[in-house]
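Protein chains: 2
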Amino acid sequence: MAQNKSGQVTQITDMEADFAQWYTDVCTKAELIGYTSVKGMFILRPYGYAIWENIQRELDQRFKETGHSNVSMPMLIPESLLQKEKDHVEGFAPECAWVTMGGREELEERLCVRPTSETLFCEHWANVVHSWRDLPMLYNQWCSVLRWERTTRPFLRHREFLWQEGHTLHATAEEAIAETEQMLNIYADLCENVLAMPVVKGLKTDKEKFAGAERTYTIECMMHDRKALQNGTSHYFGDGFARAFGITFSDQNNRQSVPFETSWGLTTRTIGGLIMTHGDNSGLVLPPKVAPIQAMVIPVAQHKPGVLDAARTLLARLKKAGIRADMDDSDQSMGWKAAEYEMKGVPLRVEIGPRDMEQNQCVLVCRDSGEKHVASLDGVEAAAVEMLDQIHHNLFARAKKNLDDYTRVCRTLEEVKTFIETEGGFAKTMWCGDRDCEDKMKEEAGVSSRCMPLAQEQVGNTCVCCGKPARTMIYWGVAY
Amino acid sequence: MAQNKSGQVTQITDMEADFAQWYTDVCTKAELIGYTSVKGMFILRPYGYAIWENIQRELDQRFKETGHSNVSMPMLIPESLLQKEKDHVEGFAPECAWVTMGGREELEERLCVRPTSETLFCEHWANVVHSWRDLPMLYNQWCSVLRWERTTRPFLRHREFLWQEGHTLHATAEEAIAETEQMLNIYADLCENVLAMPVVKGLKTDKEKFAGAERTYTIECMMHDRKALQNGTSHYFGDGFARAFGITFSDQNNRQSVPFETSWGLTTRTIGGLIMTHGDNSGLVLPPKVAPIQAMVIPVAQHKPGVLDAARTLLARLKKAGIRADMDDSDQSMGWKAAEYEMKGVPLRVEIGPRDMEQNQCVLVCRDSGEKHVASLDGVEAAAVEMLDQIHHNLFARAKKNLDDYTRVCRTLEEVKTFIETEGGFAKTMWCGDRDCEDKMKEEAGVSSRCMPLAQEQVGNTCVCCGKPARTMIYWGVAY
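Which chain is which? The protein sequence lines are Z and W, in order.
Going by our numbering, the first residue of the first sequence is number 1, and it counts up by one from there.
Going by our numbering, the first residue of the second sequence is number 1, and it counts up by one from there.
Isolated chain Z, as found in the complex (with noise of 0.2 Å):
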């Protein structure tokens, strides 16, 4: 058992000893997850979701910015839909449920439920679209999908997951692509800038991207036990889609002319992400853009006369204030309180009784470092919105110093098997480009590659496997 930042012996397993413990502990203990009896699906509990809620809110109010709509695709796709692009189905027919019967009747072709839904989007454009004019079609879908996956954990990998999922099409490669890197863009400036996860941008190598792409852009985190996280990639196509679907639209000049296509995704698995970067052994702690409550004011000593008043009147300042406050006047102990809203992830709990009443202030306690900061209720809202946005940075830049201090330059195979086995982090090194020696970083040191960087450096020049001419720099790590 973990204690908390109280001294207090919690629920959860403390994560130095099982960090994968620690994270289920946290799922389940702060009330973000159920289990169903159907495997490998999970509940998304109401504080779970409204996490998500906030992540949509933000990313949506982002898509809408750059010129996207939202649409509603079928959840249902036949398999001579699926079968239209060739890599594509190879890379999903192995994971997809089918469904075989509708109502009490077998059904002619067998559909199966939505793994992603590129061959829907073409299906309808080759439809919808006739000319220029109908171009750049920017779509997007907050849905769920399904994959048949053997093993299954929360957040991380579900057989049932929400995400959005972009689409768009556009008239030429180069509009294409700017699509695909500003989507990125997006993901990355979400994470860091909302959810305080530091990133690592690049592209994907052929063997790791998506199936049917050209390029796969990718932002990869790293947790705080020093495995990666992919989280949130951006695809572009070029007209190979177009040309399996049929896709076709006359220019300006009225010529008939096949156009490219992007798609892009982030799921709840940003949610596993964000918890196994910024929890500790008291629980969750969310940062403060995202989090449902961002301050809970708690009453003490609230029999005596006028705290409960008094509290009241601070939470309706605070909430007046734009900060999503909530109040726990229950019958609780503070001890109880305290644990809760620190496995909760609360990032600031507000105390207020009589001596605070008597000199005007009230106690703010951060949920990331633990301090106490005393504030005199006169402007007690802008600094409680300073301490958020202080938390904020504070565990930006711990996870940022986490990446820092564990990507390492690795010259040889040997430095990245020991560097991965003794500390673990983001092995960085150069590559020939060969699919044999990623292979090989796979099979001998444990790890898969997990991009390019687009911020290239020259950390060497031969490949870290065969040590003949390299042509990149690539980052090696274990991922979940």
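Derived by calculation from the structure, the hints in this document are not laboratory data.
Heads up, a few of these hints could be off.
Mimicking EDC-like on lysine to aspartate or glutamate, the simulated pairs with C-alpha atoms at most 20 Å apart in a straight line are [said to hold, decoys possible]: (1) Z:64 with W:326; (2) W:64 with Z:58; (3) W:84 with W:326; (4) Z:64 with W:31; (5) Z:39 with W:108; (6) W:64 with Z:328; (7) W:337 with Z:105; (8) Z:39 with W:65; (9) Z:320 with W:434; (10) W:39 with Z:328; (11) Z:337 with W:134.
Covered by chain Z, according to a simulated footprint, are these stretches of chain W (three or more residues, beta-carbon under 8 Å) [said to hold, decoys possible]: (12) 15-24; (13) 58-72; (14) 253-262; (15) 370-381; (16) 388-398.
No residue lacks a Cβ here, since even glycine has one placed at the ideal position from N, Cα and C.
Given chain Z, put chain W in place with the hints provided.
Then chain W, alone, in the frame of chain Z:
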């Protein structure tokens, strides 16, 4: 073909000639709906989905203000779980779609794609509810559900449709009934004050109520063609589900008790309802509060100096005033633009050209009446806001008149039959309460019971069908 407000022949069927075809034409020409290769499933295109997003925002705010939290439940339900409540499974099993294969393997137990999620909520609550402190559970979920219907129509009947399903659990029957009524009132508020659709609130008969419910409350709307649309239902389950799923809690006296349950849902068929309530031969007419675009600015003679700048300034001012405004400065003709935004039901068209600029004015054209109002640019924001408000009230008044004019007291089955055949609408009668009479009304007059209005009147003493003493006033109609 119908004629639009500008006297041009539109590409849609005349609504008086063929209302059903007019409806389908509007759904496709206004770009609300797309067809797919999966029979009975539809795409909600950006413009259609944006209406749903506005409905969602309005409802979600009301749900949260009344203490409800959103959650996410799995989309698949094991057959054994669905079978736990007898009435419920009988109602839904015949129209379930079944997943029988996961990846390459046949499943040991088939899973249905959720037609509704009572069983999943119950299973969850059986796990997490222990004490009176855990109650009430006030949950909602935004998702899609599948029902394997034989005949389908855009928005009105899809094999997959979007909805919200609220599920709540309470310590007492009184509290659960109050919840059921509260949510019905929220639906009525949405319909009347947001969608400009007058409603009749009432109870469903035993024949028409939801599978497993003790009571089903409904709001019924009358469409332009005087048919009825059920537009949101709220169910009180008593403790039936709780007993079937073994949900208990220890009350404040430490006694094991069984809680009481509700569920309530509103679907995208509401969009079908507003199309059929407000639309005309120029196309869609959108109630301003859910119109994706409330005001479309159209520059007149936009090649003339200063016109585009003036239009852009006007657009910026309208947006700043909180109006969802957009501008069409494409090279299409004025006639094309007028017809296009009439078809799309944009409440206000705002025209500004060289002569308007000289006179510091613009022209506001109301979609519902076709009236043109010259407005000074000084205070144009207030004029636009007021006109949007007026359009809402005009739409509501027109629909209310339709509802009032075609709700007719009938005293015999013959009278009902004649009224339905010659005029159509809601036949308002007394009823003995027997299922036999209800069935006979269907067979002989072709009507189904719509609801037993909460606002009861004594319009007679004997049953419209059998002549025996009446127990309740009831509405009959032909339903979508």
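Hints, verified against the model:
| no. | hint | in the structure |
| --- | --- | --- |
| 1 | Z:64 with W:326 | holds, 14 Å |
| 2 | W:64 with Z:58 | holds, 19 Å |
| 3 | W:84 with W:326 | violated, 52 Å |
| 4 | Z:64 with W:31 | holds, 19 Å |
| 5 | Z:39 with W:108 | holds, 12 Å |
| 6 | W:64 with Z:328 | holds, 18 Å |
| 7 | W:337 with Z:105 | violated, 48 Å |
| 8 | Z:39 with W:65 | violated, 34 Å |
| 9 | Z:320 with W:434 | violated, 55 Å |
| 10 | W:39 with Z:328 | violated, 51 Å |
| 11 | Z:337 with W:134 | holds, 16 Å |
| 12 | 15-24 | violated (count 0) |
| 13 | 58-72 | holds (count 4) |
| 14 | 253-262 | violated (count 0) |
| 15 | 370-381 | violated (count 0) |
| 16 | 388-398 | violated (count 0) |
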